[in-house]
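Chemist: From first to last, the protein sequence lines stand for chains A and B.
So the number in our numbering is just where the residue sits in the first sequence, counting from 1, plus 8.
So the number in our numbering is just where the residue sits in the second sequence, counting from 1, plus 11.
Hints listed in this document are in silico derivations from the structure and should not be mistaken for laboratory results.
Every residue, glycine too, gets a C-beta built ideally from N, C-alpha and C.
Treat the hints with caution; some may be incorrect.
[Said to hold, decoys possible] Computed list of lysine-lysine pairs in DSS-like fashion (alpha-carbon distance at most 27 Å, straight line):
1) A:Lys239 with B:Lys230
2) A:Lys255 with B:Lys222
3) A:Lys255 with B:Lys230
4) B:Lys318 with A:Lys249
[To be verified] Simulated restraints on C-beta separations:
5) B:Asn177 with A:Met9: 40 to 46 Å
6) B:Gly40 with A:Thr209: 42 to 48 Å
7) A:Lys224 with B:Gly232: 40 to 46 Å
8) B:Glu293 with A:Ala37: 53 to 59 Å
9) A:Gly216 with B:Pro27: 43 to 49 Å
10) A:Ser32 with B:Phe310: 47 to 53 Å
11) A:Lys241 with B:Phe310: 15 to 21 Å
12) B:Leu194 with A:Glu95: 40 to 46 Å
13) A:Pro73 with B:Gly53: 33 to 39 Å
[Said to hold, decoys possible] Anything over 12 Å on all C-beta distances counts as not near chain B; from chain A, calculated:
14) Asn38
15) Lys58
16) Ser195
17) Ile199
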Amino acid sequence: MKVLVAVKRVVDYNVKVRVKPDNSGVDLANVKMSMNPFCEIAVEEAVRLKEKGVASEIVVVSIGPTQAQEQLRTALALGADRAILVECADELNSLAVAKLLKAVVDKEQPQLVILGKQAIDSDNNQTGQMLAALTGYAQGTFASKVEINSDKANVTREIDGGLQTVALNLPAIITTDLRLNEPRYASLPNIMKAKKKPLETLTPDALGVSTASTVKTVKVEAPAARGAGIKVKSVAELVEKLKTEAKVI
Amino acid sequence: MTILVIAENTNSVLAPATLNTVAAAQKIGGDIHVLVAGQGVGAVAEAAAKIAGVAKVLVADNAAFAHQLPENVAPLVAELGKSYSHVLAAATSNGKNILPRVAAQLDVDQISEIVSVESPDTFKRPIYAGNAIATVQSSAALKVITVRATGFDAVAAEGGSAAIENVSAGGDAGKSAFVGEELAKSDRPELTAAKIVVSGGRGMQNGDNFKHLYTLADKLGAAVGASRAAVDAGFVPNDMQVGQTGKIVAPQLYIAVGISGAIQHLAGMKDSKVIVAINKDEEAPIFQVADYGLVADLFEAVPELEKLV
Numbered sequence: 009m010k011v012l013v014a015v016k017r018v019v020d021y022n023v024k025v026r027v028k029p030d031n032s033g034v035d036l037a038n039v040k041m042s043m044n045p046f047c048e049i050a051v052e053e054a055v056r057l058k059e060k061g062v063a064s065e066i067v068v069v070s071i072g073p074t075q076a077q078e079q080l081r082t083a084l085a086l087g088a089d090r091a092i093l094v095e096c097a098d099e100l101n102s103l104a105v106a107k108l109l110k111a112v113v114d115k116e117q118p119q120l121v122i123l124g125k126q127a128i129d130s131d132n133n134q135t136g137q138m139l140a141a142l143t144g145y146a147q148g149t150f151a152s153k154v155e156i157n158s159d160k161a162n163v164t165r166e167i168d169g170g171l172q173t174v175a176l177n178l179p180a181i182i183t184t185d186l187r188l189n190e191p192r193y194a195s196l197p198n199i200m201k202a203k204k205k206p207l208e209t210l211t212p213d214a215l216g217v218s219t220a221s222t223v224k225t226v227k228v229e230a231p232a233a234r235g236a237g238i239k240v241k242s243v244a245e246l247v248e249k250l251k252t253e254a255k256v257i
Numbered sequence: 012m013t014i015l016v017i018a019e020n021t022n023s024v025l026a027p028a029t030l031n032t033v034a035a036a037q038k039i040g041g042d043i044h045v046l047v048a049g050q051g052v053g054a055v056a057e058a059a060a061k062i063a064g065v066a067k068v069l070v071a072d073n074a075a076f077a078h079q080l081p082e083n084v085a086p087l088v089a090e091l092g093k094s095y096s097h098v099l100a101a102a103t104s105n106g107k108n109i110l111p112r113v114a115a116q117l118d119v120d121q122i123s124e125i126v127s128v129e130s131p132d133t134f135k136r137p138i139y140a141g142n143a144i145a146t147v148q149s150s151a152a153l154k155v156i157t158v159r160a161t162g163f164d165a166v167a168a169e170g171g172s173a174a175i176e177n178v179s180a181g182g183d184a185g186k187s188a189f190v191g192e193e194l195a196k197s198d199r200p201e202l203t204a205a206k207i208v209v210s211g212g213r214g215m216q217n218g219d220n221f222k223h224l225y226t227l228a229d230k231l232g233a234a235v236g237a238s239r240a241a242v243d244a245g246f247v248p249n250d251m252q253v254g255q256t257g258k259i260v261a262p263q264l265y266i267a268v269g270i271s272g273a274i275q276h277l278a279g280m281k282d283s284k285v286i287v288a289i290n291k292d293e294e295a296p297i298f299q300v301a302d303y304g305l306v307a308d309l310f311e312a313v314p315e316l317e318k319l320v
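Here chain A stands alone, though its shape is the one from the complex:
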């Protein structure tokens, strides 16, 4: 089966972001960018499905600026067969991204689409579910285990009280949770080979998708800073402070 994986270029998860002084957003100039960690897990799962003989082809897609090619090349080095970049300079909302992905799904007709459960920049956790709604496919969100048998996908999901397993008719949409797998690193020879793999570039116009949104960001502020704390010398002092000063126990 063909598997489509969506990846997003985001600020590296180790970077402590700073809000711009004019409150228009966070400062991303000269900041290290990477593939969103949940998307890495999605790519890894697709590659494992191919290694098991379940997937025949892995197509990786990203929607973003020209530089998102770097993240697509990374996915190709990890084992994806070819890449599609839907080039779009503006920051898009999840619904617009889902609509663009729907257009790519219509074109590619994959049996399985794997996305990360959320991007660590917008923290929305929407795109996979929205894509499932637009395509009419079943969704297996926050997946920690995926088993494909003929025309069904059994997905174990991380839910608030524990784990839940659902059976989805294929084609289906899956979003990855942290514990689905441990992504591999790209080897140097594979990074070199990835440069020769095909990468197609499309635009929202070419896909006939409007990216207009009804939600706009008015301003972005730094969160309220916590007052400086103190270091206590002993457990006795800690308990005393919690009882008399903070009055929380």
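Take the given structure of chain A and dock chain B to it, following the hints.
Modeler: Chain B alone, transformed into the frame defined by chain A:
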């Protein structure tokens, strides 16, 4: 304006996060209707009707809704949602699973995990693991929103007397089926609703050592949480994880034991009223957010703490 709140429920019990979601709806203003979807949800509907400030409870009782499968529940919510100005759900695993599907079906953007209501169309929400707070404004006629429970004080669970009305809608979409679930059993308070949370990290060294935290938690009436490192190492199950990708908590007191304080962990607990850190590394980032820090070996400090509280 009329607001539809999706009740978080397990068929028999109304989840407390619903009360926080109703609180957010009250801040928006207007009549509040609560939708209870599930199977055999009579008791939940009655509990929902008693919530202070709720004008009407809609009940969709159908075997197809028993496990909150989004393929079945989302079409119901989308159909009902058309006659409302806002559709709200708690940002729980169910809310996050179902609501974006509803939004896309209605062709509107969704606003995730709001922590404050500025006006009926303007909301605040954290982005970048809580390192920035965005104010977002929606011009859509229907606003689809998930609510971070810790951002709103729960409304009273008693005092209301809403009318209960059955809605006949939907059924099995035939796309998915429930297979089974494994729920972690715990007698301690629920993590996201607990007044005190004691969390352990990699410094606990193994799962067995978490017993020190359980003893302390039981004495304090606290819930026990964990960092991703402790979950990944297999010390505790993943539903105990606090952080950007786990649960968001904001208790009165958060005690972090053997947790370094990575950005992703802080995202889940830095709105706690008082933070205590116990760590032997005095350079650990957790001390930058802790109100009270104790540089000590947790295996000595935790038992001593347990004796003194």
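Chemist: Against this structure, judge whether each hint is valid.
Modeler: Hint-by-hint comparison with the structure:
no. : hint                               : result
1   : A:Lys239 with B:Lys230             : holds, 24 Å
2   : A:Lys255 with B:Lys222             : holds, 26 Å
3   : A:Lys255 with B:Lys230             : holds, 16 Å
4   : B:Lys318 with A:Lys249             : holds, 16 Å
5   : B:Asn177 with A:Met9: 40 to 46 Å   : holds, 42 Å
6   : B:Gly40 with A:Thr209: 42 to 48 Å  : holds, 47 Å
7   : A:Lys224 with B:Gly232: 40 to 46 Å : holds, 44 Å
8   : B:Glu293 with A:Ala37: 53 to 59 Å  : violated, 34 Å
9   : A:Gly216 with B:Pro27: 43 to 49 Å  : holds, 45 Å
10  : A:Ser32 with B:Phe310: 47 to 53 Å  : holds, 48 Å
11  : A:Lys241 with B:Phe310: 15 to 21 Å : holds, 18 Å
12  : B:Leu194 with A:Glu95: 40 to 46 Å  : holds, 45 Å
13  : A:Pro73 with B:Gly53: 33 to 39 Å   : violated, 53 Å
14  : Asn38                              : holds, 16 Å
15  : Lys58                              : holds, 24 Å
16  : Ser195                             : holds, 24 Å
17  : Ile199                             : holds, 27 Å
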